[in-house]
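Chemist: Note that the protein sequences, when read in sequence, are chains L and C. Counting along the first sequence from 1, when you hit position 183 you're at 183 in our numbering, and nothing is skipped either side. Counting along the second sequence from 1, when you hit position 253 you're at 253 in our numbering, and nothing is skipped either side.
Hint data in this document are derived by calculation from the structure and do not stem from the laboratory. Note that the structure is predicted; figures quoted are calculated from it, not measured. A few of these clues could be false.
As a list, the in silico DSS-like pairs of lysine-lysine whose alpha-carbon atoms are at most 27 angstroms apart [unchecked claim]:
(1) C:98 with C:76
(2) L:226 with C:187
(3) L:231 with C:187
(4) C:231 with L:183
(5) C:130 with C:172
There are 2 protein chains.
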Amino acid sequence: MPKKASAKKPAAKESKTVLFERVAFIGIGLIGASMALAMRRAGLVRSIVAVARRPKTRKTALDLKIVDEATKDYAKAVVGADLVVIATPVGTNSAIAKAIAAHLKPGAIVTDVGSVKQAVVDAIAPHLPKNVHFVPGHPIAGTEHSGPEAGFAELFDNRWTILTPPPRTSAKATAKIEEMWTKIGAKVARMEPAHHDMVLAITSHLPHLIAYTIVGTATDLGGDLKQEVIKYSASGFRDFTRIAASDPVMWRDIFLNNREAVLEILQRFTEDLTAMQRVIRKGDGQALEDSFTRTRAIRRGIIEAKQA
Amino acid sequence: MPKKASAKKPAAKESKTVLFERVAFIGIGLIGASMALAMRRAGLVRSIVAVARRPKTRKTALDLKIVDEATKDYAKAVVGADLVVIATPVGTNSAIAKAIAAHLKPGAIVTDVGSVKQAVVDAIAPHLPKNVHFVPGHPIAGTEHSGPEAGFAELFDNRWTILTPPPRTSAKATAKIEEMWTKIGAKVARMEPAHHDMVLAITSHLPHLIAYTIVGTATDLGGDLKQEVIKYSASGFRDFTRIAASDPVMWRDIFLNNREAVLEILQRFTEDLTAMQRVIRKGDGQALEDSFTRTRAIRRGIIEAKQA
């Protein structure tokens, strides 16, 4: 079974670093595929199986040698797996947890990659048997592309993954997931789920909502103007359209599952935008310049934090 | 005087393509410096002089061999110039037009690179003598960096420059400016100034306003949360901070000088954002998915138009 992995790494070296004999990915899109490729690259795993509903996704994952097996059968995939990675839109997580629960190996670790954490903990944890370990996680990495063909092993290099283990989670299981992320290039932090959801509402969810909205505003323009907006798309709008090209189902589920935090930060943003509107209407140049100057400090902070 | 240019191109070839003997840049920031470098690269000009108020800017422009001369004296710079490029924040344009008017060579062409066109035409045209030609322009190109050291000759490659010549502008002068832009890599379109301002309000001005606002919203967060927003800055917010790192004075002037178009498109955006807020509050997954799906078409259009 470890044929493909061993073809890349000498067996002796591999045996030192293998963390998991068998990993099951539930969903093998951009994130799942990138994790699979990165785990192979690091020699962390002997065999990888993926569950995907669509035959095309299974074929792509096999053809690109991202996984050793692909199936639509949850039970078949998770049986014997010592790590199960749930990597589907977060709205599916409760049903998935129910579907896999009875087939999990005692002592297995279940993790996920959802962009929302409190709702995911609530959706998954109650369904899992007591003899498996649940370590929720969120790699803050991605592109606007979707599907296994969009995956690449370097996606997590130097990016943060946030783990939100519930208080009684096995320290050993959490450490193993942390080791896995570190070995595939990521930096790891731990956080309370609700706190994670507020941070991400600001850094990711609101920006995506705004990008989707402004591109929607442009979509509603009359024909000629709309064509010109595409033709003369400048820096700014162009970046927004890239963000707004992200997977619609994944983002639908994020907003449905992080509603309170998103609405709270959206409220603050709307107040600030109304203030900016008033300043423009009044023609208050000093207030505009002051606003535009102070935002530069955050950019400097991000560049210094090497996350630019 | 043409020493530096001729060092790069054989004299025979250069004599065929020289469009301007002497070009004066009023302002030598990112755009002015990039134009100067691109014009040299294409062998379009024999000598380049820049006006800059700050000694540091003049020194940088000279040290980097972007210009042959640098001065703070408008009159000295434009005397004898057959092309004058106004490349300063648009709020300065009226004063600059007044300062240079009496010193312009008869038959000279004056152009600009302002991101707003109606206000620029109104600010510059009335002050210019009848024996010079005014061809307003706007290269839709830029980065978040400022100053002559940020300039590079490839900035305009395959990007659009929009010219908005008033009805009675000399066709020959307009054609010459069009030729200059084409030879430094850009594609050229012509537009009514007010129409330009509406298109750019959507594609550039509103996105910048929103980026500045959301980064401002994050700046107002309490200390710990603000630090985490920087640390875990995800795709989305990270892009917004880059946009919001653009030159504050340039952007102040854009909003002061394109107020009506920006407020109109901001009003539409705010309505759309309110609708999105309501959909999230109601938990209407289908409406979210539909919104997020239709915006993908615009992205495809931009990729097909090769402006991505």
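Chemist: Is it true that the CA of residue 98 of chain C sits at most 27 angstroms from the CA of residue 76 of chain C?
Modeler: Given pair residue 98 of chain C, residue 76 of chain C holds - Cα atoms ~14 angstroms apart, limit 27 angstroms.
Chemist: For a C-alpha distance cap of 27 angstroms, please report whether residue 226 of chain L and residue 187 of chain C respect it.
Modeler: holds (19 angstroms)
Chemist: Next pair to validate is residue 130 of chain C with residue 172 of chain C; report whether the Cα-Cα distance is within 27 angstroms.
Modeler: Between residue 130 of chain C and residue 172 of chain C the Cα gap is close to 15 angstroms, so the pair holds against 27 angstroms.
Chemist: Please work out if residue 231 of chain C and residue 183 of chain L have their alpha carbons no farther apart than 27 angstroms.
Modeler: holds (20 angstroms)
Chemist: Are the Cα atoms of residue 231 of chain L and residue 187 of chain C separated by 27 angstroms or less?
Modeler: Since the Cα atoms of residue 231 of chain L and residue 187 of chain C sit roughly 11 angstroms apart, the hinted pair holds (cutoff 27 angstroms).
This entry satisfies every hint, going by the numbered hints stated previously.
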